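**Q** Here's the letter readout for the chains.
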Amino acid sequence: DQQVKQNSPSLSVQEGRISILNCDYTNSMFDYFLWYKKYPAEGPTFLISISSIKDKNEDGRFTVFLNKSAKHLSLHIVPSQPGDSAVYFCAASEGSGTYKYIFGTGTRLKVLA
Amino acid sequence: EADIYQTPRYLVIGTGKKITLECSQTMGHDKMYWYQQDPGMELHLIHYSYGVNSTEKGDLSSESTVSRIRTEHFPLTLESARPSHTSQYLCASSEFGQGAPEAFFGQGTRLTVV
Chain A
1 DQQVKQNSPS
11 LSVQEGRISI
21 LNCDYTNSMF
31 DYFLWYKKYP
41 AEGPTFLISI
51 SSIKDKNEDG
61 RFTVFLNKSA
71 KHLSLHIVPS
81 QPGDSAVYFC
91 AASEGSGTYK
101 YIFGTGTRLK
111 VLA
Chain B
1 EADIYQTPRY
11 LVIGTGKKIT
21 LECSQTMGHD
31 KMYWYQQDPG
41 MELHLIHYSY
51 GVNSTEKGDL
61 SSESTVSRIR
71 TEHFPLTLES
81 ARPSHTSQYL
91 CASSEFGQGA
101 PEAFFGQGTR
111 LTVV
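Note that the protein sequences, when read in sequence, are chains A and B. All residue numbers for the first sequence refer to our numbering, where the first residue is 1 and numbers rise by one. All residue numbers for the second sequence refer to our numbering, where the first residue is 1 and numbers rise by one.
Honestly, the hints are just simulated from the structure, not real lab data. Values in this document were obtained by computation on a predicted structure and should not be read as measured data. One or more hints might be untrue.
[Said to hold, decoys possible] Reference listing, derived: stretches of chain B covered by chain A, where coverage requires no fewer than 3 residues with Cβ under 8 Å from a Cβ of chain A:
#1 45–52
#2 67–80
#3 96–109
Even glycine gets a Cβ: it sits at the ideal position worked out from N, Cα and C.
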């Protein structure tokens, strides 16, 4: 059973607008959530993380929101740029447990110029 | 910038050959990971290590083996490659538990077994 789910396989957004990528999880023991960006044939690049004790973390154009009661998090990119076009993976980890990272299936974001 | 390196980047090899995928990091991280990813799929954890002489199997069963003799080095070996092993292999490291929670990934190795 998938513990981290990204239900939207793809998303297209106009340049300059907001991109919202969503992620759901089932394991209430996760205490850190992370977003990664990945280009084909490259390794994932870390973008931003959030601790489970927070509900928002912001870094430049990237903001992650966490709703623990709904077991849902989202990544907002504002404004979206063509260079943001990539696959975005949501990941979760038990920091006080196994330190393993569980990844979702990814959402392909295409930012249209 | 992450200092974690994987070699080779691309490898095409015949069935039955033994291969070793190299992964090295210069950040002194104690935790290292190997993930396998097929196109359009999630990253599946196949091996991880908490430090020297520590190796654990991940959530996805794999015929590969790993070793951790030095902190900076975490090679993955396939004794007899098969076409079903064709995939992208991603190595990562982190200081999770003693520092920031994020893992840093190498560039990956794209393995094709023919």
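**Q** Hints first: check each against the structure and report whether it holds.
**A** Hints, one by one, checked against the model:
Under the rule that three or more residues need a Cβ within less than 8 Å of chain A, the assignment of the region 45–52 of chain B holds, with 3 such residues. For a cut-off of 8 Å, the count of residues in the region 67–80 of chain B with a CB near a CB of chain A stands at 0, and the three-residue condition is violated. Judged by the Cβ-Cβ criterion of 8 Å, the region 96–109 of chain B is covered by chain A as claimed, because 11 of its residues qualify and three suffice.
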